[in-house]
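Colleague: Residue numbers (the numbering used here), protein chains in the order written: chain A, 31 to 188; chain B, 11 to 98; chain C, 1132 to 1236.
Keep in mind that the hints are not guaranteed to be accurate.
Some chain C residues close to chain A (C-beta under 8 Å, calculated; not the full set) [as the list claims (entries may be wrong)]:
| # | residue |
| --- | --- |
| 1 | Ile-1207 |
| 2 | Arg-1218 |
| 3 | Asn-1231 |
If you are wondering where the hints come from, they were derived from the structure by calculation, not from laboratory data. Here a beta-carbon is modelled for each residue, glycine too, at the ideal position from N, C-alpha and C.
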Amino acid sequence: MISISDDIIIRTVSRVLVPFIQIYALYVIMHGHHSPGGGFQGGVILGASFILYLITHGLEDAKERMSELKAGLFSSFGLLIYSGIGLLCLIKGSNYLDYGTLSTLLRVVPAQARSLGILGVEIGVGIAVMAVMFSIFFDISTGGVLPEDEEGLGTRNE
Amino acid sequence: MNNFLLCLGIGLFTLVFLCLYRGIFGPGILNRIAAISAIGTKTLVILLIMGFIYNRVDMFVDISMVYALLNFIGTITAAKYLEIGGEI
Amino acid sequence: MHMLHLTSIPFFLVGFFFFLAATVGLLRFPDFYCRLHSTGKGDTLAVLLSLIGLSIYEGFSLTSLKIIFIAVFMFIAQPTSTHAISRAAMRCGLEPWVKNEEKIQ
């Protein structure tokens, strides 16, 4: 059970730095085909920003910002984007993840449609990786104790 | 100018090995954490110098920014773990 | 751009000198808190000077602006991590080293 840090320097500095780390993570996702980066690397940096917030501000405050329900929904949403683009290409009559057939839908040339399709897939991967990283760290830090166990539902013979 | 940067890089690389001595033989865990943080800082500068030697700086700037981030987050996590007595 | 190259050489040399001083301090000081002094302050200044030298070497472009961002981030983040480590050492009960074996109240 990680409690809030009682030092004002660490709390203030991490509260200042977390938005900038997230903006940098979005930059890394978007520039995947120009420079080192892409979906997975940007997702890791985005997850690391949430982990920094959890380390310095404790489990309760982090639960208010991003609960386990929201983390599960984000990971499913990222997967939906990835598979949705693939299935859209399948419905249009070509192979799975063949972005060239999306050119009639987006009204661009096929080369540009491939570039946009890759960008969409990277965004989906980034969101899913962020949610899974936060979820794993959250589960390990609670120690496997659910809130229901602490209250006592009274279903056991005590 | 390339030769000057290469000598600088080799000198920093030697300093990394000197820091590694404290990382291996430091009595206790706290000395090792400080040594790892110092090694990370020197690695960042070595990466940028390598980018200048190979004339492709655009690639190496993003990587070194990420490494600075991860060094910071790792040190803060290790300090928090020691502070609460290792009950994470 | 020979002028820019010649201007950036002093920054590199002073930065390397501070790196050397910080590492020698890390090896030779008698106590953990003294070593943390040396590596926390010396490394931060050395990185700052080296990155400013690299950004001057590059000229005025987008890449040098990114290198300045890295320098500002290191300036904020590295003293914070030094502070966090020393606080953890204080909580763990590590006592400072005193000459002549006198106890600190």
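Colleague: For every hint, state whether the structure bears it out.
Modeller: Hint check results:
1. Ile-1207: 7 Å, holds
2. Arg-1218: 6 Å, holds
3. Asn-1231: Violated. Min distance 33 Å.
When held up to the earlier numbered hints, the structure conflicts with hint 3 and nothing else.
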